[in-house]
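> Chain by chain, the residues run as shown.
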Amino acid sequence: MAQNNGVIEHNLAGIPASARKAFLTRAFGSEEFAAKAAQLRRENPARPVIYVGAGTCGLAAGAAKTLEAVRKYLKDNGLDADVLEVGCIGYCAAEPLLDVQLPGQARLSFQRAAGDVTPALLDSVFKDKAPLKDHVLGQFEDGGKKWPKVPLFSEHPFFSKQLRYVLKHVGIVDPLSIQEHIARGGYGAFLKVIHTMTPAQACDAVEASGLRGRGGGGFPTGKKWKIALSSDADQKYIICNADEGDPGAFMDRSVIEGDPHRVLEGIAIGAYAIHASKAYIYIRAEYPLAIKNLKKAIAEAKAYGLLGENVYGSGFDLDVIIKMGAGAFVCGEETALMNSIEGRRGMPKPRPPYPAVKGLFGKPTVINNVETFANVPEIMSQGPAAFAAIGTKGSKGTKVFALSGKVNRTGLVEIPMGTTLREIVFDIGGGIENGLAFKAVQIGGPSGGCIPQSHMDIQVDYESLKTVGAMMGSGGLVVMDEKTCMVDVAKFFMDFIKKESCGKCIPCREGTLRMLEILKAITRHRRGEKDADALARFSGIINLENLSQVIRETSLCGLGQTAPNPVLSTLRWFRDEYEAHIFERKCPAGACTEMLEFTIDADKCKGCTLCAKGCPTQAIVGKPKVPHYIIAEKCISCGSCRTVCKFKAVNAA
Amino acid sequence: MKLIVNGQTVEAQAGETLLTVLKREGINVPTLCHMEGMLPSGACRICVVEVEGQNNLIPSCSFPAAEGMKIQTNSPRVINARKTVVELLLGSHPDDCLYCAKQPTCDLNRLSRDYGVTSRRFPVAKKKKPLDISSPSISRDPDKCILCGKCVRVCEEVQSVACIDFVKRGSDSFIGCAFDSSLNVSSCVNCGQCINVCPTGALMEKSDIQTVTEAMADKNKYVVVQHAPSISVSLAEEFGLAAGTDVNGVMTAAFRKMGFKAVFDTSFAADLTIMEEASELAHRIKTGGVLPMMTSCSPGWIKFVETFYPELLPNLSTCKSPQQMLGAMIKTYYAKNQGLNPGKLFSVSVMPCTAKKFEVTRPEMGREGNPDIDAVLTTRELAQMLRIHGIDLKTLSPEEPDMPFGDRSTAGKLFGASGGVMEAALRTAHFLLTGKELGALKVEAVRGQAGIKEARLKIGALEVGVAAVSGLGNARKLAEEIKNGRKDLHFIEVMTCPGGCINGGGQPFARNKAAIVERMRALYTIDATEKLRTSHGNKAVQSLYKDFLGKPLGEKSHHLLHTKYTKRKASDVA
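So the sequences go chain by chain: F and W.
The end of the first sequence is residue 653 by this note's numbering, with every number in the run present.
The end of the second sequence is residue 574 by this note's numbering, with every number in the run present.
What the hints contain is simulated information worked out from the structure, not anything from laboratory work.
Predicted, not measured: the structure shown is a model, and the values here were computed from it.
Every residue, glycine too, gets a C-beta built ideally from N, C-alpha and C.
Please note that the accuracy of each hint is not assured.
Heads up, simulated SDA-like pairs for lysine to any residue below, C-alpha to C-alpha not over 20 Å straight-line [claimed, not checked]:
(1) W:K128 <-> W:R110
(2) F:K358 <-> W:T17
(3) F:K146 <-> F:P103
(4) F:K520 <-> W:V167
(5) F:K499 <-> W:G170
(6) W:K126 <-> F:D533
(7) F:K499 <-> W:K168
(8) W:K83 <-> F:S160
(9) W:K126 <-> F:D495
(10) W:K567 <-> W:E364
(11) F:K358 <-> W:P64
(12) W:K83 <-> F:E309
(13) F:K127 <-> F:P148
(14) F:K499 <-> W:K436
(15) F:K530 <-> W:R120
(16) F:K520 <-> W:G554
(17) F:K363 <-> W:K168
(18) F:K499 <-> W:K128
(19) W:K286 <-> W:K436
(20) W:K168 <-> F:R344
(21) W:K344 <-> W:T361
(22) F:K21 <-> F:E309
(23) W:K127 <-> F:D495
(24) F:K149 <-> F:S160
(25) F:K133 <-> F:A114
(26) F:K145 <-> F:A106
(27) W:K564 <-> W:G554
(28) W:K168 <-> F:D495
(29) F:K499 <-> W:V167
Pairwise CB distance ranges (calculated) [what the hints assert, rightly or not]:
(30) W:E454 <-> F:P353: 31 to 39 Å
(31) F:P288 <-> W:Q8: 45 to 53 Å
(32) W:T9 <-> F:K393: 38 to 46 Å
(33) W:E36 <-> F:K520: 36 to 44 Å
(34) F:R422 <-> W:G116: 32 to 40 Å
(35) F:P352 <-> W:E463: 34 to 42 Å
(36) F:P353 <-> W:S75: 21 to 29 Å
(37) W:T9 <-> F:P353: 24 to 32 Å
(38) F:K520 <-> W:G116: 24 to 32 Å
(39) F:P352 <-> W:T9: 18 to 26 Å
(40) F:K466 <-> W:E454: 54 to 62 Å
Model the full structure from these sequences, guided by the hints.
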């Protein structure tokens with residue numbers, strides 16, 4: 001509202017009058033921007049606005065059909081409305097999301113708005129004026145008259161404990177409109193920095209805010225910038241790492257899709273702070289929508305004079321280049337990423353020299369990830385102290401997590417540092433699906449670890465997570481229920497790491513292959529196992545911890561050094577599950593189907609022959625209409641009989 | 001600055017890596033991927049040491065020394081890590097060391113012995129990639145590859161050929177050509193530098209011992225041999241003698257003992273090459289021909305130009321290499337003189353070079369379907385043949401080579417070191433152009449190990465600019481300059497291998513760079529101590545012209561001693 005105009009005023013307060021005039025005129029047509037900006041923010045739209053959550057997740061849930069249905073509805077009913085494709089507001093479990101804002105009324109949000117229900121939803125707003133209860137998610141707090149009997153969006157349990165700082169505009173604004181971004185205060189912080197601060201002051205401000213890298217390691221951002229600033233070179237680079245590769249992580253994608261200008265502004269401020277005139281955004285080609293939005297954003301920022309040469313008379317030049325990666329996990333590692341930008345194979349290099357001293361093309365380079373950069377404009381606008389007031393002693397600000405797995409409300413959540421895992425999983429996430437019991441939460445991706453029930457009250461910050469063998473990572477949070485086998489989880493991550501190892505250093509290349517083999521042997525059935533295999537299996541188990549240690553201590557890059565973490569952390573908290581697999585030859589969770597003994601309950605079996613027909617090893621015998629029998633020696637425990645049985649006659653134990 | 005290594009204080013300079021410091025202190029830290037004089041790659045992790053205050057073990061090859069650092073190089077943690085890394089490698093390495101030609105010099109074998117690996121800790125994970133024996137020069141066994149990456153680096157960073165790289169990821173990765181094609185349809189120039197850096201038996205020369213042995217046993221074949229200038233100063237290392245020992249005389253004796261009917265010195269043909277090449281240079285200068293002229297003795301360089309710089313083909317001297325000149329002389333002049341049917345003559349050459357194996361297969365290198373050279377052996381293969389024949393060099397007395405291709409000048413001998421062709425050519429060109437000898441004969445500026453050596457000197461009234469480059473990466477730099485219009489050079493010598501033939505892809509595996517320097521020094525010593533020091537002073541060469549060839553660049557020379565080049569694509573079959 002007026003507060004937004006205030007932010008614009010506040011940001012531009014100290015900049016030269018000529019720059020202020022040029023910028024405001026370019027953005028709003030005149031220096032008198034208040035009315036135009038309010039209009040761009042759709043504070044009181046003249047006609048209805050319909051928003052469809054059309055991020056990648058929304059599209060996957062059917063947002064394209066929703067959009068189609070919306071357009072058809074408007075045409076059929078002769079209605080005049082703006083239709084906007086916005087990013088994902090975060091509540092992925094409820095997608096597709098459809099918002100409707102009528103002139104003078106609060107913005108309404110509907111969940112599960114598939115194409116076929118869309119006409120009914122729009123009818124309920126446009127015709128009945130009584131939003132469909134089953135689908136209504138809530139209404140926004142500001143923006144006009146409230147709808148009766150509709151809860152506030154901010155009071156929804158998924159949102160009430162969140163603090164949306166980085167995600168402030170994601171899912172709310174039109175990501176492709178630079179004007180709307182500017183109307184909400186965007187690029188003001190950037191102009192303020194380049195006109196009123198020296199690079200050193202900018203570094204100081206970021207350091208004072210306590211911002212730490214959101215990509216995994218948590219290195220203080222301001223400190224990193226300072227090292228690069230103090231490295232003398234004719235050319236420096238700043239790189240935005242958007243090579244998000246953890247299984248189950250989609251924070252960066254959502255931020256770029258939903259608010260690309262915020263990321264660009266953060267990069268631009270960083271570039272100024274270290275004297276870089278060239279910025280690269282390294283993004284995986286699997287993110288086509290994010291790339292499309294970024295390209296548009298860069299083109300617009302150039303057109304608005306915010307990128308390019310001598311930005312608004314400040315003397316600062318910046319060129320931003322998008323570099324698409326082929327999606328190798330290891331390219332998230334800084335030196336491998338730089339190799340990839342240089343046109344080489346994505347393989348890491350030894351450090352030191354550190355990138356801030358000798359990085360891309362041998363020049364000082366700062367690499368931060370998307371979320372880190374997205375924090376910067378707000379820090380510069382509101383001041384470091386405001387940022388530092390959020391969070392815990394060592395970890396300031398908020399963190400975005402991609403909450404997934406066996407939890408009721410999956411999606412993108414942003415919480416202040418210091419929130420407990422229990423709050424995230426049970427309050428925000430709504431607990432475990434299907435009434436099952438909670439077992440563990442995997443945090444930090446393949447480099448992270450699993451945290452058990454007993455440590456759910458741990459506060460989310462960089463240091464606390466390390467005490468339980470996990471790490472912040474980039475923000476993947478995978479919830480596991482009682483039916484999840486922790487050895488199987490370790491095996492999954494090991495398989496991932498084995499496939500994603502670049503192959504350069506020996507411990508990671510060969511060691512992860514061996515660790516995976518050992519885990520596979522543990523979870524395999526033992527029928528017909530030869531003596532030599534049994535011996536190999538046991539020697540593998542004996543080797544597992546030593547191997548983990550050597551891989552961790554000797555690998556070249558972070559990928560290898562943290563590769564054993566999934567095994568070490570599950571061994572630490574769920575050793576009994578490993579022992580059950582090894583000594584009792586049982587998978588307590590029942591997830592390792594290979595280890596199960598399948599039998600047919602003769603009382604329940606009707607002799608329908610379905611199981612026998614589907615058995616890949618012809619292990620099931622029996623005549624039609626007579627109970628069947630499984631020959632244990634032939635059975636490979638694939639479980640297909642249990643799947644096809646209509647009488648629940650197949651037991652597995 | 002001061003460091004504490006295993007409890008003892010040692011000195012170090014800023015900017016030094018731990019590996020350098022430890023080596024100086026006599027602590028031999030094992031490495032598998034480290035390459036002298038190149039940036040550390042940090043791939044093998046064998047060189048790890050324990051540094052107080054660091055959570056992880058530290059690779060000594062890439063970590064800089066710092067004041068007060070406390071280092072343990074032999075703690076149980078370090079030894080366990082190194083041994084585990086070796087065991088991991090052995091887990092996916094074939095067990096056939098008994099049948100591996102690299103066995104005595106295999107680094108993996110040595111490390112496994114040193115660290116007491118006595119059994120297989122990890123079950124076999126065979127890669128089962130097929131052998132690549134498509135190249136006439138190099139054979140590759142991907143199963144023996146430990147992916148240290150040295151071949152990739154030498155091919156790209158030193159030779160700027162970059163015909164091989166890592167393919168696929170993680171434990172699936174292997175070293176391959178583009179599109180996983182075989183080596184013979186790649187941009188490989190056959191230099192064999194990859195073989196010299198390979199720590200295991202994954203890369204070896206394509207052996208021709210069998211072919212030669214069979215020819216020698218064939219009563220219908222008359223087998224003669226020639227040996228390149230650098231062989232006599234490098235062969236000794238294969239038999240445990242000091243690098244740089246010259247075994248020319250006993251080697252000649254050994255050839256005869258093995259049964260070669262005649263032993264010729266390729267250095268004679270080097271003198272012949274100089275007569276042709278210096279005349280060609282003088283001719284180009286006088287008639288305004290294409291300059292700078294570039295030497296053509298090094299077959300890897302020739303393929304490099306044909307593949308990467310076809311626009312410079314007119315700059316290449318049309319002279320055949322000494323090997324091919326002598327090959328042509330043997331099958332024509334010598335055969336005629338001896339009354340031999342050239343088809344019965346089997347001509348073997350011993351070369352420091354794997355690319356020579358490729359050169360002899362070029363269709364233009366022979367006549368009427370009969371190649372001028374029938375088989376090429378590398379220095380290493382020669383050593384192996386000597387072992388097969390049970391010949392002990394130490395018991396032999398030196399012998400003289402056979403005429404008419406036995407006498408040589410020291411100028412011809414200098415061909416074995418980078419800059420040698422240049423020096424020999426300048427001596428003769430000076431004489432041809434001015435009628436006078438070139439001062440003290442020695443041209444210091446083109447001597448030594450530097451990759452690019454340039455000089456300007458006066459030949460009569462003419463000031464000529466010359467350059468001697470070795471290593472194709474350096475050649476590429478100069479080629480780019482020429483392409484971009486550099487005009488001050490008249491003559492450029494290019495050797496494919498860094499340092500020249502003494503460091504060829506077929507030479508004994510040198511223990512360090514100092515061994516290469518010793519080989520070079522041995523050639524300079526020969527030049528400093530003998531009397532016949534110019535190619536034009538070689539009487540045997542003069543009488544060859546008188547009896548048979550006529551004059552340099554004459555009709556016969558043109559047919560027998562000169563050749564032509566063609567543009568080629570990387571994918572053309574080599």
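> Does each hint fit the structure? Answer for all of them.
Comparing the hints with the structure gives:
no. : hint                          : in the structure
1   : W:K128 <-> W:R110             : violated (24 Å)
2   : F:K358 <-> W:T17              : holds (17 Å)
3   : F:K146 <-> F:P103             : holds (12 Å)
4   : F:K520 <-> W:V167             : violated (26 Å)
5   : F:K499 <-> W:G170             : holds (6 Å)
6   : W:K126 <-> F:D533             : holds (17 Å)
7   : F:K499 <-> W:K168             : holds (10 Å)
8   : W:K83 <-> F:S160              : violated (55 Å)
9   : W:K126 <-> F:D495             : holds (19 Å)
10  : W:K567 <-> W:E364             : holds (14 Å)
11  : F:K358 <-> W:P64              : holds (14 Å)
12  : W:K83 <-> F:E309              : violated (56 Å)
13  : F:K127 <-> F:P148             : holds (15 Å)
14  : F:K499 <-> W:K436             : violated (70 Å)
15  : F:K530 <-> W:R120             : holds (18 Å)
16  : F:K520 <-> W:G554             : violated (75 Å)
17  : F:K363 <-> W:K168             : violated (29 Å)
18  : F:K499 <-> W:K128             : holds (19 Å)
19  : W:K286 <-> W:K436             : holds (18 Å)
20  : W:K168 <-> F:R344             : holds (14 Å)
21  : W:K344 <-> W:T361             : holds (18 Å)
22  : F:K21 <-> F:E309              : holds (18 Å)
23  : W:K127 <-> F:D495             : holds (18 Å)
24  : F:K149 <-> F:S160             : holds (18 Å)
25  : F:K133 <-> F:A114             : holds (15 Å)
26  : F:K145 <-> F:A106             : holds (6 Å)
27  : W:K564 <-> W:G554             : holds (16 Å)
28  : W:K168 <-> F:D495             : holds (16 Å)
29  : F:K499 <-> W:V167             : holds (13 Å)
30  : W:E454 <-> F:P353: 31 to 39 Å : holds (32 Å)
31  : F:P288 <-> W:Q8: 45 to 53 Å   : violated (60 Å)
32  : W:T9 <-> F:K393: 38 to 46 Å   : holds (41 Å)
33  : W:E36 <-> F:K520: 36 to 44 Å  : holds (41 Å)
34  : F:R422 <-> W:G116: 32 to 40 Å : violated (51 Å)
35  : F:P352 <-> W:E463: 34 to 42 Å : violated (48 Å)
36  : F:P353 <-> W:S75: 21 to 29 Å  : holds (27 Å)
37  : W:T9 <-> F:P353: 24 to 32 Å   : holds (27 Å)
38  : F:K520 <-> W:G116: 24 to 32 Å : holds (29 Å)
39  : F:P352 <-> W:T9: 18 to 26 Å   : holds (23 Å)
40  : F:K466 <-> W:E454: 54 to 62 Å : holds (58 Å)
Violated hints, listed in ascending order, are 1, 4, 8, 12, 14, 16, 17, 31, 34 and 35; each of the other numbered hints is respected by the structure.
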